[in-house]
Amino acid sequence: MSTLSEGPVARLLREKLSASFQPKHLEVECESHLHNVPKGAEMHFRVQVVSDAFEGKRVIERHRLVNTCLAEELATSVHALRIDAIPTSKWDGQKQEESPTCRGGFGK
Amino acid sequence: MLRLVSRQASAMLRSSTQSFSTGAAAGGLSDDVRQRIDGIVKKDDVVVFMKGTQQEPACGFSRNVKLVLDFHNVKFRDYNVLTDAELREGVKIYSEWPTIPQVYVKGEFVGGCDILVSMHKDGEISDFLDEKGIPNKYGNAKK
Numbered sequence: 001m002s003t004l005s006e007g008p009v010a011r012l013l014r015e016k017l018s019a020s021f022q023p024k025h026l027e028v029e030c031e032s033h034l035h036n037v038p039k040g041a042e043m044h045f046r047v048q049v050v051s052d053a054f055e056g057k058r059v060i061e062r063h064r065l066v067n068t069c070l071a072e073e074l075a076t077s078v079h080a081l082r083i084d085a086i087p088t089s090k091w092d093g094q095k096q097e098e099s100p101t102c103r104g105g106f107g108k
Numbered sequence: 001m002l003r004l005v006s007r008q009a010s011a012m013l014r015s016s017t018q019s020f021s022t023g024a025a026a027g028g029l030s031d032d033v034r035q036r037i038d039g040i041v042k043k044d045d046v047v048v049f050m051k052g053t054q055q056e057p058a059c060g061f062s063r064n065v066k067l068v069l070d071f072h073n074v075k076f077r078d079y080n081v082l083t084d085a086e087l088r089e090g091v092k093i094y095s096e097w098p099t100i101p102q103v104y105v106k107g108e109f110v111g112g113c114d115i116l117v118s119m120h121k122d123g124e125i126s127d128f129l130d131e132k133g134i135p136n137k138y139g140n141a142k143k
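Those sequence lines, one after another, are chains A and B.
Taken in order, the first sequence gives residues 1 to 108; the numbers are from the UniProt record's numbering.
Taken in order, the second sequence gives residues 1 to 143; the numbers are from the UniProt record's numbering.
Same shape as in the complex, but just chain A:
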């Protein structure tokens, strides 16, 4: 998805992650269309962040940094967040995992 078509929530996540991590590479994509929510909803996201800030940190610590950065959004509008937080030295253009198939979730 291009940044041109991205919604306000995606833009906000992008801004916050950029400011916190000065990423070498950053992808923010709304995946709500894959889930059981109304059309146009911005609730499910994937983020891939490549940053020096993740060097030498265990995966759980890297995820906590991202969760903390986006705590406000996770407490309000963002329902699901897939995180790929990569130290710059480990970045070789790898793609983030595919999203799992929705099992009904929110609608159940």
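Pair ranges (Cβ atoms, derived):
(1) Asp-130(B) / Gly-40(A): 45 to 53 Å
(2) Glu-56(B) / His-25(A): 35 to 43 Å
(3) Gly-7(A) / Ser-30(B): 32 to 40 Å
(4) Asp-84(B) / Pro-87(A): 33 to 41 Å
(5) Glu-131(B) / Lys-90(A): 19 to 27 Å
(6) Pro-8(A) / Lys-43(B): 40 to 48 Å
(7) Lys-42(B) / Arg-58(A): 19 to 27 Å
(8) Glu-131(B) / Gln-94(A): 25 to 33 Å
(9) Gly-133(B) / Pro-8(A): 44 to 52 Å
(10) Glu-131(B) / Ser-77(A): 32 to 40 Å
(11) Glu-97(A) / Lys-132(B): 22 to 30 Å
The set of hints was computed from the structure by calculation and includes no laboratory data.
Note that beta-carbon positions come from the ideal geometry of N, C-alpha and C, so glycine has one too.
Since the structure of chain A is already known, use the hints to place chain B on it.
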């Protein structure tokens, strides 16, 4: 209406999560709930807080965690947060982790779906489980 009320309640609880995780007082989680979750994560070696059950996961993220653990022949105790609002919000505060599913091994928080899948892909999950003394398909016990 009920749903609305419960959402408002979650929003309130969730804002406590946030202040907690940013280092403010450990409010938002009553002693009762903290003790309850303490008991749950210590009672069984591997515990998963999930949406739905291991027989019928109601969310793709929860299902992926189940699939990884099944793949490694790891037995786990599941708790369905969709039928337990106290647990659903409480565990987020307890773990300082904003999303479900959540995996605990021997009382220690391991991570959510992305982390379990990445431990599986990297192969480190067998070493981790061995280290914790949890029987698993590709671990030392089988070599």
